[in-house]
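Read off the chains here:
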Amino acid sequence: VEFFQVLGRRRSIRYFQPWRPVEREKIQKILEAARIASCAVNASYLRGVVVNRDDLPTETLDRLKTPPAATNYDLAPTYIFFYGDTRTVAEKRGAPLRELVDVGALNPSHGWSHKFVDELIFPQILEPMTRTPERLIRAVAIDCGVAMCQALLTAYELGLGACFSSFNGDVVKEALGIPDHWLQMYALLLGYSAESWEAGGQRPRPPLEDLFCEGRYGEPFRRDPAVVAELEAVGMLQTPAPLPWRKAEVRALARMLGLPE
Amino acid sequence: MTTIDHAAIDHSTAVDVWLRGLEAQWGEPIPARERRAKLEILHRFCESVDKTPDQVVAECLLTKNGVRRISSKGRRLNAQAIDAYQESAGLTAANTVRSFLIHNGIFLQTSVQKL
Numbered sequence: 163v164e165f166f167q168v169l170g171r172r173r174s175i176r177y178f179q180p181w182r183p184v185e186r187e188k189i190q191k192i193l194e195a196a197r198i199a200s201c202a203v204n205a206s207y208l209r210g211v212v213v214n215r216d217d218l219p220t221e222t223l224d225r226l227k228t229p230p231a232a233t234n235y236d237l238a239p240t241y242i243f244f245y246g247d248t249r250t251v252a253e254k255r256g257a258p259l260r261e262l263v264d265v266g267a268l269n270p271s272h273g274w275s276h277k278f279v280d281e282l283i284f285p286q287i288l289e290p291m292t293r294t295p296e297r298l299i300r301a302v303a304i305d306c307g308v309a310m311c312q313a314l315l316t317a318y319e320l321g322l323g324a325c326f327s328s329f330n331g332d333v334v335k336e337a338l339g340i341p342d343h344w345l346q347m348y349a350l351l352l353g354y355s356a357e358s359w360e361a362g363g364q365r366p367r368p369p370l371e372d373l374f375c376e377g378r379y380g381e382p383f384r385r386d387p388a389v390v391a392e393l394e395a396v397g398m399l400q401t402p403a404p405l406p407w408r409k410a411e412v413r414a415l416a417r418m419l420g421l422p423e
Numbered sequence: 103m104t105t106i107d108h109a110a111i112d113h114s115t116a117v118d119v120w121l122r123g124l125e126a127q128w129g130e131p132i133p134a135r136e137r138r139a140k141l142e143i144l145h146r147f148c149e150s151v152d153k154t155p156d157q158v159v160a161e162c163l164l165t166k167n168g169v170r171r172i173s174s175k176g177r178r179l180n181a182q183a184i185d186a187y188q189e190s191a192g193l194t195a196a197n198t199v200r201s202f203l204i205h206n207g208i209f210l211q212t213s214v215q216k217l
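Note that the protein sequences, when read in sequence, are chains U and A.
In this text, residue positions in the first sequence follow this note's numbering: the first is 163, and each later residue adds one.
In this text, residue positions in the second sequence follow this note's numbering: the first is 103, and each later residue adds one.
These aren't lab readings, by the way, just hints derived from the structure by calculation.
Careful, some of the hints might be misleading.
Over the 10 Å line for every Cβ pair with chain A, so calculated as not near, a few chain U residues [what the hints assert, rightly or not]:
no., residue
1, Gln-190
2, Pro-295
3, Gly-331
Listed below are several chain A residues computed to face chain U (Cβ distance under 7 Å; list not exhaustive) [as the list claims (entries may be wrong)]:
no., residue
4, Thr-165
5, Arg-200
6, Ser-201
None of these values were measured; they are calculated from a predicted model.
The beta-carbon is built from N, C-alpha and C at its ideal position, and this holds for glycine as well.
Between the sequences and the hints, there should be enough to build the whole structure, so can you do that?
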């Protein structure tokens, strides 16, 4: 699937085929995509634990679900519990940045050197950040979000459906042996969609001009209709929800899966 | 167990909210036969728990500092009552009662694992 189509076809899938497992190689590809994501100071904060639903004891499964996501957890055959490692920057003491210097990603042309990393960046910026929870959590959350998004989009590239979900952190921590320094993010629920890929149409979003400015705050970024038409042609912008048959689809899914209407 | 007044049930606020919610959800009127079947299921559930529909909904709610919230305890008790009802009445009937609560704003999900 082309990249723009992957973006356009992504929907949060909430009806999975509960009987159909996800192939392990697809899980690996999803994790590989997360691993190579952009990350500030080359920190690689993202961590994750892959769990197949049917390998969890029923009691653990029942306890880890948050109420709004309970049915999603029942239907999705595979979960990736994502976390951010809050210790990695302090432990590595600038080594990942020095690696970027060594491989020619950060260069003297832009002012970078080992000495700059060792004497300024780590001791004066990164190390203090690790002792300031607000700054550390912001850095971890932003970069984990970027990497998780790559995992999410890869799932769609591989023909899977996916949905981010909250989870009961205490239960998962205990069940999976998660260490204290891993900061809870979201679970990525994975499986083959029981919904049509359209899943009722592209979800409603605010107008572009309400979200983004140009030049200064308060000056909307004006949408060019020609660009919109181009993105529609390549499948990134699609027919917005609800498609006319969505209610019938939802009713049929509910009946097939034994869910309330 | 007290006798539940079926006519009162059919005209209760909670039942009205439910049926209007269903019609809005699916965008069509509920056929008369289906409507009767749903109400009969609700009658039987109400008899099993010895409460009116309005009482069932009220039990799932509480007001704290002037704000209406879902009562975790009330919701859990009724979810368990529906699970018990499912044992005798079957999944479709239990889901009908869940639908009644859901359309009254009580968040409920059923476990697919138990199917």
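Among all the numbered hints in the text so far, which are the ones the structure does not match? Failing hint: just 4.
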